[in-house]
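Novice: So the chains spell out like this:
There are 2 protein chains.
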Amino acid sequence: MKRAVVLLSGGIDSSTTAAIAKHEGYEVYALSFDYNQRHRVELEAAEKVALSLKVKKHLVIKFDLRAIGGSALTSEMEVPKDRMQDTGYKIQDKKSRASCIVHHASSISSAIPVTYVPARNTIFLSFALAWAEALKAEDLFIGANAVDYSGYPDCRPEYINAFEKMANLATKAGVEGKSHIKIHTPLINLTKGEIIKKGILLGVDYSLTSSCYSPDKDGNPCGLCDSCQFRLKGFKEAGIKDPLNY
Amino acid sequence: MKRAVVLLSGGIDSSTTAAIAKHEGYEVYALSFDYNQRHRVELEAAEKVALSLKVKKHLVIKFDLRAIGGSALTSEMEVPKDRMQDTGYKIQDKKSRASCIVHHASSISSAIPVTYVPARNTIFLSFALAWAEALKAEDLFIGANAVDYSGYPDCRPEYINAFEKMANLATKAGVEGKSHIKIHTPLINLTKGEIIKKGILLGVDYSLTSSCYSPDKDGNPCGLCDSCQFRLKGFKEAGIKDPLNY
Numbered sequence: 028m029k030r031a032v033v034l035l036s037g038g039i040d041s042s043t044t045a046a047i048a049k050h051e052g053y054e055v056y057a058l059s060f061d062y063n064q065r066h067r068v069e070l071e072a073a074e075k076v077a078l079s080l081k082v083k084k085h086l087v088i089k090f091d092l093r094a095i096g097g098s099a100l101t102s103e104m105e106v107p108k109d110r111m112q113d114t115g116y117k118i119q120d121k122k123s124r125a126s127c128i129v130h131h132a133s134s135i136s137s138a139i140p141v142t143y144v145p146a147r148n149t150i151f152l153s154f155a156l157a158w159a160e161a162l163k164a165e166d167l168f169i170g171a172n173a174v175d176y177s178g179y180p181d182c183r184p185e186y187i188n189a190f191e192k193m194a195n196l197a198t199k200a201g202v203e204g205k206s207h208i209k210i211h212t213p214l215i216n217l218t219k220g221e222i223i224k225k226g227i228l229l230g231v232d233y234s235l236t237s238s239c240y241s242p243d244k245d246g247n248p249c250g251l252c253d254s255c256q257f258r259l260k261g262f263k264e265a266g267i268k269d270p271l272n273y
Numbered sequence: 028m029k030r031a032v033v034l035l036s037g038g039i040d041s042s043t044t045a046a047i048a049k050h051e052g053y054e055v056y057a058l059s060f061d062y063n064q065r066h067r068v069e070l071e072a073a074e075k076v077a078l079s080l081k082v083k084k085h086l087v088i089k090f091d092l093r094a095i096g097g098s099a100l101t102s103e104m105e106v107p108k109d110r111m112q113d114t115g116y117k118i119q120d121k122k123s124r125a126s127c128i129v130h131h132a133s134s135i136s137s138a139i140p141v142t143y144v145p146a147r148n149t150i151f152l153s154f155a156l157a158w159a160e161a162l163k164a165e166d167l168f169i170g171a172n173a174v175d176y177s178g179y180p181d182c183r184p185e186y187i188n189a190f191e192k193m194a195n196l197a198t199k200a201g202v203e204g205k206s207h208i209k210i211h212t213p214l215i216n217l218t219k220g221e222i223i224k225k226g227i228l229l230g231v232d233y234s235l236t237s238s239c240y241s242p243d244k245d246g247n248p249c250g251l252c253d254s255c256q257f258r259l260k261g262f263k264e265a266g267i268k269d270p271l272n273y
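Here the protein sequences line up with chains A and B, keeping their order. Position one of the first sequence corresponds to residue 28 (the working numbering), numbered consecutively onward. Position one of the second sequence corresponds to residue 28 (the working numbering), numbered consecutively onward.
One chain only, chain A, in its complex shape:
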């Protein structure tokens, strides 16, 4: 059975990605990070999802990104709320995907929200690469998405491709030209609604997941941050009720 390292934050995208990896026949090694994020409640979700998917192993690596800062998720900066109403920040729907991508390309800098965490996916994928090499696995899965996303630079296909090229030079096997590291991004071109429909087909229990950037002290989602709004839009699009309590 081929092994795969799957990045699992406990949200919709990563949980669906883990289910896809399992469905494709991989033995799943799920990797989560406690980076002192504001929404550490997502780690409990990741654990529940890992259990429900019966992954082979679930590893949580801990480090403190607050020491680096630069993001509303790792500092006292405010998490923006209810931005879907703003004219400058519209979630694209499937029909207008092309035009929105053009819009992103021309004015994304102002569109990248303060919830962007510097080099987060690069750090996450680096640990995934380390674990893959130690496990003799060649397959890494990440739930990066370039449609219903916040415009984060490290979710774009060109970034993922560049990471894969680097990864194939970074390992022992890479020195011999025998490295075949593959970064799988099964959700890259799906809308949030399509992702949820796929997950439901694969039996993902979305009541276990957590998406909110700014949950209350009991871990309940705010319903207003970008991540909650993308999630709610996705369930609406899929025609399914979000099982979480807002």
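Read the hints as simulated data drawn from the structure, not as lab findings. Predicted model only: the values in this text are computed from it and were never measured.
Copies of the same chain are indistinguishable here, so a pair counts whether it falls within one copy or spans any two.
Computed cross-link-like contacts, DSS-like style, restricted to lysine-lysine with a CA-CA straight-line distance of at most 27 Å:
#1 K199 to K163
#2 K192 to K205
#3 K209 to K199
#4 K163 to K192
#5 K192 to K209
#6 K244 to K108
For this one, chain A is given, so just place chain B on it according to the hints.
Specialist: For chain B alone, kept in the frame of chain A given last:
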């Protein structure tokens, strides 16, 4: 004053690299890692070197690579000793550099020692990239060396180049095509002796540094691990006495 993030392990290469960055006029942000390495004493050396070079800030990021394993430096695996005597593992001297590189290319897999830590430089550089983005710095320095080194895949120029390409797509500025991340490797083509001579000229105090993979409980170097032997060879080549007590 331009800012640079410099990876600082506390050994000869990274200490010399930090001195070079300073000499080139950068404001130095030194970055070290407590990854539960066997030779954590190097962190005390890193702190002393950072102080002596009067860096702007010294940050230590902590995480546990023993959970991932795959290396003698992060497991109970034995650190090899006195290997310079082996026929299969000779340190190349400057004159035979070319032939040794050919040798490496054809048989490096068996030559990569068990002290190689999976994806270590990728993880280190990823954190450096995150800090650089938060600091609005574009210059990263790493003391990677492809001459008197252990054959680690993530010390090779082609790896460094691939990381740089990826890094320029990973950040906010990368989305706008305005990213100018540069990975500086000022030691990449120097022998250990040349590195030491350069450091001496720049005033590096090598008595503060630590290179040993397997120090005794008082932090004294063993003199026999690969890292000690590369170091001792370097001082011999430079015609300078190593100030450490073996």
